[in-house]
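Asker: So you can see what is in the structure, the chains are spelled out below.
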Amino acid sequence: MSTAVERALPPGPAIAARHPLFIATGAVVAAGTMMVFGMLAVWFKFRDASPLREGRNAKMIHDWLPADLKIPEVATNTLAITMVIAAIMGQWAVYSATRKDSQHTTLALFITGMIGIAAINAQVAIYKQMGAVLADGAYQTMFFTITGTVVALMCSGVAFSFVAAFRVLGGRVADRAVVTAHAMYWYFITTAFIAMWFVVYVQK
Amino acid sequence: MTTVNMPSTTGAAMPTSSGFLGAVAAWLTTTDHRRIGRLFMGFSVLWVLSIVVVNAILGFERIDSASIAINEGALPQLFAASRTLASFGVLIPLTLGLAIAVVPTQVGARSIMFARNATFGFYLWLFGTAVVVGSLIANGGPGGGSATMVDLYLLGLATTMLGLVVASISVIATVITARTAGTDLADIPVFSWAALIGAVSTVMTLPVALGTLIYVAVDHQYVKVAFGGNTEISTWLGWAMTQPQTFLYVIPVVGVLAELAPAVARKAQPLRGGVFVGIGLMSVALFGSVSQNIHDFEWSGTVSDKVQSFVPYAMFNLLPLLGMVVVLGLALLALRSDTLKITPAFIPVFLGGGMILTALLGNAVQLLSSAQLAGTVFEEGVLHYTTYGAVLVLWGAVAHWSTQLWGRELPAQAVIGLGVLGFAGTVLAALPMYIAGFADQQAEVVADFTYGGPTGLWNSASTIGHALMALCVVAGVATATRSITASASTGVAQ
Numbered sequence: 675m676s677t678a679v680e681r682a683l684p685p686g687p688a689i690a691a692r693h694p695l696f697i698a699t700g701a702v703v704a705a706g707t708m709m710v711f712g713m714l715a716v717w718f719k720f721r722d723a724s725p726l727r728e729g730r731n732a733k734m735i736h737d738w739l740p741a742d743l744k745i746p747e748v749a750t751n752t753l754a755i756t757m758v759i760a761a762i763m764g765q766w767a768v769y770s771a772t773r774k775d776s777q778h779t780t781l782a783l784f785i786t787g788m789i790g791i792a793a794i795n796a797q798v799a800i801y802k803q804m805g806a807v808l809a810d811g812a813y814q815t816m817f818f819t820i821t822g823t824v825v826a827l828m829c830s831g832v833a834f835s836f837v838a839a840f841r842v843l844g845g846r847v848a849d850r851a852v853v854t855a856h857a858m859y860w861y862f863i864t865t866a867f868i869a870m871w872f873v874v875y876v877q878k
Numbered sequence: 012m013t014t015v016n017m018p019s020t021t022g023a024a025m026p027t028s029s030g031f032l033g034a035v036a037a038w039l040t041t042t043d044h045r046r047i048g049r050l051f052m053g054f055s056v057l058w059v060l061s062i063v064v065v066n067a068i069l070g071f072e073r074i075d076s077a078s079i080a081i082n083e084g085a086l087p088q089l090f091a092a093s094r095t096l097a098s099f100g101v102l103i104p105l106t107l108g109l110a111i112a113v114v115p116t117q118v119g120a121r122s123i124m125f126a127r128n129a130t131f132g133f134y135l136w137l138f139g140t141a142v143v144v145g146s147l148i149a150n151g152g153p154g155g156g157s158a159t160m161v162d163l164y165l166l167g168l169a170t171t172m173l174g175l176v177v178a179s180i181s182v183i184a185t186v187i188t189a190r191t192a193g194t195d196l197a198d199i200p201v202f203s204w205a206a207l208i209g210a211v212s213t214v215m216t217l218p219v220a221l222g223t224l225i226y227v228a229v230d231h232q233y234v235k236v237a238f239g240g241n242t243e244i245s246t247w248l249g250w251a252m253t254q255p256q257t258f259l260y261v262i263p264v265v266g267v268l269a270e271l272a273p274a275v276a277r278k279a280q281p282l283r284g285g286v287f288v289g290i291g292l293m294s295v296a297l298f299g300s301v302s303q304n305i306h307d308f309e310w311s312g313t314v315s316d317k318v319q320s321f322v323p324y325a326m327f328n329l330l331p332l333l334g335m336v337v338v339l340g341l342a343l344l345a346l347r348s349d350t351l352k353i354t355p356a357f358i359p360v361f362l363g364g365g366m367i368l369t370a371l372l373g374n375a376v377q378l379l380s381s382a383q384l385a386g387t388v389f390e391e392g393v394l395h396y397t398t399y400g401a402v403l404v405l406w407g408a409v410a411h412w413s414t415q416l417w418g419r420e421l422p423a424q425a426v427i428g429l430g431v432l433g434f435a436g437t438v439l440a441a442l443p444m445y446i447a448g449f450a451d452q453q454a455e456v457v458a459d460f461t462y463g464g465p466t467g468l469w470n471s472a473s474t475i476g477h478a479l480m481a482l483c484v485v486a487g488v489a490t491a492t493r494s495i496t497a498s499a500s501t502g503v504a505q
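Just so you know, the sequences run in chain order D and W.
Quick note: the first sequence uses the numbering used here, first residue 675, plus one each step.
Quick note: the second sequence uses the numbering used here, first residue 12, plus one each step.
Okay, chain D solo, but in the shape it has when bound (with noise of 0.2 Å):
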């Protein structure tokens, strides 16, 4: 005679592990890079449509950014590097978070926040250096729109950071998906800067 337990149906399939916050945030970063790189191609478009001019070792270049203006290098890598120090603390949270570490946690969400401020405010030094200024030319207006645009997804993510932060803050160690997702953002800023600061800064 079989018993309760052999008679009883085999458990139901288990529930899969989904992370909402996670995909939507997937969803809101797969938006941002087509937008990011869309406005790469564009930029590309104007920079082909350019005419040639001779540059230095007598290449011939585009034509596409002033002659009057000077890409501060200096300014510009190091601002590079920040980004992908930003990445790395973002990636520090979720490693703390795992570990239900609350302290290094919080730490290190405010460090992401705080770096990705003084991104901006290395931008805005970029801005003063070169002097440009927005309405003199199509090279100038398009340089602000897709550095301004980088900037303002900068600031959405030291917005993120925050309140990630303050969360935890809150006593929501536990709450990793945020931390996760927080990670994931400042991945993809990181990633749309460097490719804006390899179009627009290096290869100029």
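One or more hints might be untrue.
[Said to hold, decoys possible] For lysine to any residue, the following SDA-like pairs were computed, each having C-alpha atoms within a straight-line distance of at most 20 Å:
| hint | chain 1 | residue 1 | chain 2 | residue 2 |
| --- | --- | --- | --- | --- |
| 1 | D | Lys719 | W | Ser302 |
| 2 | W | Lys235 | D | Ala812 |
| 3 | W | Lys235 | D | Pro740 |
| 4 | W | Lys235 | D | Ser724 |
Note that these hints are calculated values from the structure, not bench results.
Just so it is clear, the structure is predicted and the values come from calculations on it, not from any experiment.
Dock chain W against the given chain D, drawing on the hints supplied.
Answerer: Positioned in the frame of chain D, the structure of chain W alone reads:
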């Protein structure tokens, strides 16, 4: 796989509101997916009516190409209103609204994920479209005479796009993360799959348009050099309001057709995976539109030139068509059933699906350079087929899910009658544009055009078609309002 259609618990959990103000407040701050969906659809219908009236006015103006009855300066705004609202006021929000209302119950979710996010998306969209319409009325938009209103148009368009992307993210999160435990993504109802593909397409393409729009807006505000000022807005952003991009907006509509066919046949969908693949194929248009180029097929030059021209043309224009053919073919296969019982809702859905197929075929023909249809009204015909076809399908969808949406069925005669009338209106509005396109009638022009053919006949027929559609929309709204009011008076939860 059968449709889950679990009743949503969110509506029942909502606090009951007393009095008119309480009811309004409950609607304005709602987190009930059915209400958010109905808000999207309800206000979209307002824009459907607007574009149908605008199209009728433009059609009427074209009957006599020798004179203009309305203010000539208003023509750019009327054309811009027709095009902008067709995409951002009708196609995306109508389909998105239906998805928000229906998808959670289909996948067995308690509600839409991030419901406040979806409501926020609705308000962004509503505010954005209202600003767009307001700016167009005040001489803004592409080619507008008032620089401030042109800026306002761009701001409104950006807000509209943001709202649609925000709400689409809720749909994506719902389908991916809120399915009943044990339900695989391949097991979800076809409409939910189409809603997911449609939402992903929106999220992937509209930000590209948004990025370009930011450039255009900044340039227009400060320099007006790089992006050509107000006259070139359509050059930069037009791709988001024409084919093949508009086909991405109607992917959920195709899902409705695929969902209803086995339902009326009362049997499982044969080759269900094929339907999923067909819907996925339609989204290939995504890659074509984000490249912001027209991929036409030019039959000239060497074999290599022809191949280079044909491959992108086929990928971005023929593959979506193939996807639609696959879905429609499998729907017809499902309909070969002894247990077939056509429901009233299926009639407008089937007819509307046929209109969208005609639009896809038209787009494929239009982009053959040897057909010489570029710059003619043929493209307007394709857009009319797409927009009105989608409206027809959504009328059928609302009829099909009306009990779920507001607890009462729509009258069968009205559903069938308006479906057939809408079909006649769509064909009358769009088919003459196909014919006039072959006769070289210029696009976005209402006067000073001549060609060998009955100019007045084609444009009169098209005007009558738009007028018929206007009649259908008004009658449809009246029918739905009566049904909703009746269900409210009988105490069915709203």
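Asker: Which of the listed hints are broken here?
Answerer: none
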